[in-house]
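Novice: Residue numbers (this note's numbering), protein chains in the order written: chain V, 142 to 663; chain X, 45 to 687.
The set of hints was computed from the structure by calculation and includes no laboratory data.
It cannot be assumed that every hint is accurate.
[To be verified] Once the Cα atoms are required to be at most 27 Å apart in a straight line, the calculated DSS-like pairs of lysine-lysine come out as: (1) V:Lys508 / X:Lys329; (2) V:Lys158 / X:Lys329; (3) V:Lys179 / V:Lys158; (4) V:Lys478 / X:Lys329; (5) X:Lys624 / X:Lys448; (6) V:Lys632 / V:Lys615; (7) V:Lys244 / V:Lys293; (8) X:Lys448 / X:Lys475; (9) V:Lys240 / X:Lys475; (10) V:Lys158 / V:Lys240; (11) X:Lys448 / V:Lys149; (12) V:Lys547 / V:Lys478.
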Amino acid sequence: QHGRVKIKTTAQQEEEKRKEREKKLKIYVAARDACFSKRSEGVWDDEALQLTQQLLSSNPDFATLWNYRREILMHLETWSPLFWLTNNAELLFLESCLKVNPKSYGSWHHRGWVSARLPRPDWARELSLCDRCLSLDDRNFHCWDYRRMVVKISGVPVDQELAFTDRLIGSNFSNYSSWHYRSTLLPLLHPESPDAKLYSFLSEYELVQNAFFTDPNDQSAWFYYRWLLGRGTSVCNCVHVLKYFGPFLALTAAQICDLPPGTINDISNEHNLTVHWTEKHTHRDCALYTGRTESWCRDSATDQELFRSELSVEKTSVLQSELQSVNQLQELEPLNKWCLLTIILLMRALDPLGYEKETLAHFQTLKEVDSMRSAYYSDLCSKFMIENTILKMEYAEVRVFSISDKNLTTLCHLDQLLLVTHINLSSNQLQQLPPQFAMLQCLEVLEADNNSIENLEGVYHLPKLEEVLLKNNKISTLADLQPLASCPKLKRLDLRGNPVAQTPNVESELVELLPSVTDLLL
Amino acid sequence: MAAEDLPSEFDVVILGTGLAESVVAAACSRVGQRVLHLDRRSYYAANWASFTFNGLLTWIQQHQEESPPEEVQDWSGQLEEGDELIYLSNSDPASIRNLQVFCYASEEDEEEEADSPGPPDTTEEEEEEAVKETSETESADSKDEERTHQVRRNFITPAAHHLTAINAHLLSVQSQAVHIEGEEPEADQPRPSAAPSQSQPTRKKISYAQLVKEGRRFNIDLVSKVMYSRGSLVDLLIKSNVSRYAEFKNVTRILTYRHGNVEQVPCSRADVFASRQLSVVEKRKLMRFLTSCVEETEEHQAYSGRPYVEFLRDQQLGDNLQHFLLHSIAMVTEDTPTEQGLASTRHFLRCLGRYGNTPFLFPVYGLGEIPQCFCRMSAVFGGIYCLRHSLLCLLLDTPSNSCKAVIDSRGQRISCSHVVLEDGYVPANRKRVALPPRFVSRAILITDSSVLPSESEQQVSVVTVPPIAAGCPAVRMVELSPSTMTCIPGTHLVHLTCQSVGSAYEDLSPVVTRMFHTPESPDRGSRPSVLWCLYFNMADGWGAEPDGHDLPSNVFLCSGPDAALGHDHAIRQAESIFQKILPEEDFCPPAPNPEDIIYDGDNGSSSTAGGLEEREEEREEEREEECEEEKEVLEDASPPAEE
Chain V
142 QHGRVKIKTT
152 AQQEEEKRKE
162 REKKLKIYVA
172 ARDACFSKRS
182 EGVWDDEALQ
192 LTQQLLSSNP
202 DFATLWNYRR
212 EILMHLETWS
222 PLFWLTNNAE
232 LLFLESCLKV
242 NPKSYGSWHH
252 RGWVSARLPR
262 PDWARELSLC
272 DRCLSLDDRN
282 FHCWDYRRMV
292 VKISGVPVDQ
302 ELAFTDRLIG
312 SNFSNYSSWH
322 YRSTLLPLLH
332 PESPDAKLYS
342 FLSEYELVQN
352 AFFTDPNDQS
362 AWFYYRWLLG
372 RGTSVCNCVH
382 VLKYFGPFLA
392 LTAAQICDLP
402 PGTINDISNE
412 HNLTVHWTEK
422 HTHRDCALYT
432 GRTESWCRDS
442 ATDQELFRSE
452 LSVEKTSVLQ
462 SELQSVNQLQ
472 ELEPLNKWCL
482 LTIILLMRAL
492 DPLGYEKETL
502 AHFQTLKEVD
512 SMRSAYYSDL
522 CSKFMIENTI
532 LKMEYAEVRV
542 FSISDKNLTT
552 LCHLDQLLLV
562 THINLSSNQL
572 QQLPPQFAML
582 QCLEVLEADN
592 NSIENLEGVY
602 HLPKLEEVLL
612 KNNKISTLAD
622 LQPLASCPKL
632 KRLDLRGNPV
642 AQTPNVESEL
652 VELLPSVTDL
662 LL
Chain X
45 MAAEDLPSEF
55 DVVILGTGLA
65 ESVVAAACSR
75 VGQRVLHLDR
85 RSYYAANWAS
95 FTFNGLLTWI
105 QQHQEESPPE
115 EVQDWSGQLE
125 EGDELIYLSN
135 SDPASIRNLQ
145 VFCYASEEDE
155 EEEADSPGPP
165 DTTEEEEEEA
175 VKETSETESA
185 DSKDEERTHQ
195 VRRNFITPAA
205 HHLTAINAHL
215 LSVQSQAVHI
225 EGEEPEADQP
235 RPSAAPSQSQ
245 PTRKKISYAQ
255 LVKEGRRFNI
265 DLVSKVMYSR
275 GSLVDLLIKS
285 NVSRYAEFKN
295 VTRILTYRHG
305 NVEQVPCSRA
315 DVFASRQLSV
325 VEKRKLMRFL
335 TSCVEETEEH
345 QAYSGRPYVE
355 FLRDQQLGDN
365 LQHFLLHSIA
375 MVTEDTPTEQ
385 GLASTRHFLR
395 CLGRYGNTPF
405 LFPVYGLGEI
415 PQCFCRMSAV
425 FGGIYCLRHS
435 LLCLLLDTPS
445 NSCKAVIDSR
455 GQRISCSHVV
465 LEDGYVPANR
475 KRVALPPRFV
485 SRAILITDSS
495 VLPSESEQQV
505 SVVTVPPIAA
515 GCPAVRMVEL
525 SPSTMTCIPG
535 THLVHLTCQS
545 VGSAYEDLSP
555 VVTRMFHTPE
565 SPDRGSRPSV
575 LWCLYFNMAD
585 GWGAEPDGHD
595 LPSNVFLCSG
605 PDAALGHDHA
615 IRQAESIFQK
625 ILPEEDFCPP
635 APNPEDIIYD
645 GDNGSSSTAG
655 GLEEREEERE
665 EEREEECEEE
675 KEVLEDASPP
685 AEE
């Protein structure tokens, strides 16, 4: 047609591009081979430096070449002590590499290596480089890493860094890196001054609330919020001494250990034992009197201390006002899972028994709105129900633990049940009695009817266990009952309604396996 | 070129270089049409133009003068049997009216202020100085640091030299304008003489002389619009690759005027997060509202036909948010129906985040660049351009009721298949105008600081000002900082726009008086001072009907700028005209990269009749020239802001 501007056809363009590429590849391969042969000959000269520069500037992810380049630089450095004084070029070269690939491991690593060698590194320049890179991509973790190194070496004041996170969070608050960085800075900024700490944290609460009210579906803010609310550690320790064939000591944190031989004998009428936890730098004393077979000593397990490790740091008033504002958000966003979960955690921190009903209702909603994670919520709910039951038991000062018909899916905090003699887990959804169940060294009666238990792994070496009731579970083979053989005092076993009860010869085989059992129900 | 005759045959003749006309020109040239693009003015872009300060003063002067009565020449000699003539109007007195200029800056530099309380007389010496000044800068142009910019302007505006030459008169014209103003019988008239004595001593004031001296660094738009980042203009610029001819900046913030204060409107997620004016609950409500209105719901439909403000009220949003949503995000009035309010809210939201934290872009060097960019594209593809060159009449082939040729202002007959006209050229008796004709009120201010100072001096702000009293129009304001290359450092350029109720002065001066400091302002406060301002009314292109005129079927009309914030109207108009001219062709397909264009030889195109060959060569030369210049400019130009 008339008057049209002529344009190269795509085929022409393709052809040109192909030729261009071929030419480039040829040059690249030649340079690479030259580099390798030089290295194998042990040549560390300027030419080699040039060659690596040429190659790395087009492909900065070639680790071997970076290594070679460092070898050359180190070689040159030994020749001239002033080598690095004049070497700004290396940094400029690295910047050009970062433009090619801002997430190149090699380039960032090399930059760190060079910076560390420079006699007078310009850290301000390095920081501004990081700022530029992070403004282009605030999730460039290579850059974050390098920046951390720069900050550490150059000693940037903490408050300045906090202002830096302010800036990043201001431009985009969906960024774990910035929030997390903040969580490492705040403790540094307020090492041990409770008032300043509280004040500063109130403004932190404001900041993070702004974020989750603006976008309640963004996890990063919620995670930071959890961190803000709770950084307590569990302080409860318990020592239990049980005189058995060979007396041994039971500790919390899933440890049972034998006492050294001769520690306890029948002659002295009182034994004082001191247990040291080297990790926590604490110790407990425990005395075992004559004529007693067991003795214990534990921290009082009131609600104030026992299960507040999740959200324990703040004063009740702060938690109360946080609960109010999150409740406010929940009114606006009744189906937001992060909000619901945070409410549950806050309620537990404030008054676990008082809020039990609300907590259960919120768990129900959570399972509906986030069905993909319903098993997780069930487990979490089980954990909380167990905690509540333990608290109730502690208040009642009894050694009976009863938690039937609560939809439990998992067992936890078994280390807190060290002293329990009678446990009732009937009518839940348990599938197994996990290995930690062996912590229950005082257990005499285990009731677990109407669950889905397939596995008795944890019912193992329980010296006082006499009765095991497992009616209507899913124990299917004799092998599943094997652990029970290690419980010497087992007398009564109820297996009615289990598949194993239907297998032929089950009775005779059981007698063989568990000779101590006198009362067997099948 | 000027002395030679034009080729006598074209496919499309376009008169007027406004946005729609320029887009049509680019689209037609791009697909191989022979395009002649003319404008009777000495500058590009008609009422879409941007001017230097001095250029604007000239423009004001031209519009204040009585236009000479049109000489109607008799061209019946060119007529063939059965033909008819339509004479075109070559002055457009109707589109601009009510021009009023006020100068509050001191006439001279600071030191002399105290000695010149009265309106200064413009002496002969000053005029001479001004002449010297301009000629000096002119000669220095080719070398100085603004070369790039100048190359752009020179290429695009061959008349630039002509404009500067006129500048000699500027000072005197200006003081006249002020005098005229002083004599008008309006109530609270400003007395420019009072201005110097009220100037604040704290800040180095910019004098009028300085504005004139540095006038070339202004790029003052006649229309005030911004580009929606997903609007039809941006889409077209990207699709056609025309974007490579211009640079863009983000509008950095949306402001609103409320309870006597200028406030920032939180519209992006980061804004909402950072906002100090909103409570956390408001933040949530706002975010939720914004997310929810992206999708059409039954609730939305239930409010169809009822006012948007009612819908907002029922969302329990509170006054703050309601104000932001109605005036600043939807940018509608209290009685706009819900569906329309939601549609514009959605448009706003869709545009958000494509290029930045606001939905808008602004072209560096002003909006006048945009039509010129399309003209450049047309020129690259062979379009021929003449400024100060018009058409006198259309030659009609009566039996077919189509225009078969035109006669240009030099009396040359040019045959063509299609004609596109800016509607100002159409004689009144042929035009069907919407009744009553609508106008847009405009004010252009040069101020000394921003309406909402911030850490950054380089903010570009869109400000929405709801009606300040019942019956007043809602005013839209765009405040440009020097970073947009539209004003000199130390100043801001402020454009106010509203649908006319009365004259521009009546409509807009109350807002100016409240938001800025002028001699009329009740108190000084900390508001920015107005150094200079211009009020005028411009015909609203929205009111003009594109169809139904008493014109031949192959003559198409382009209306001038409309009052809307975006450019959709003009782009839609251009596309529909293009589709009527060339229904089979693609509208502005991507232009090839400059390196893919084969420049040498275009000899394959000899399929046309022998008689055309001569003209063909001529065209060829022209195109080569154009291309050469093109290459130069492209090398200088920075890459487009997009992508």
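Novice: Kindly indicate which numbered hints from before are broken by the structure, ordering the numbers from low to high.
Specialist: 2, 3, 9 and 11
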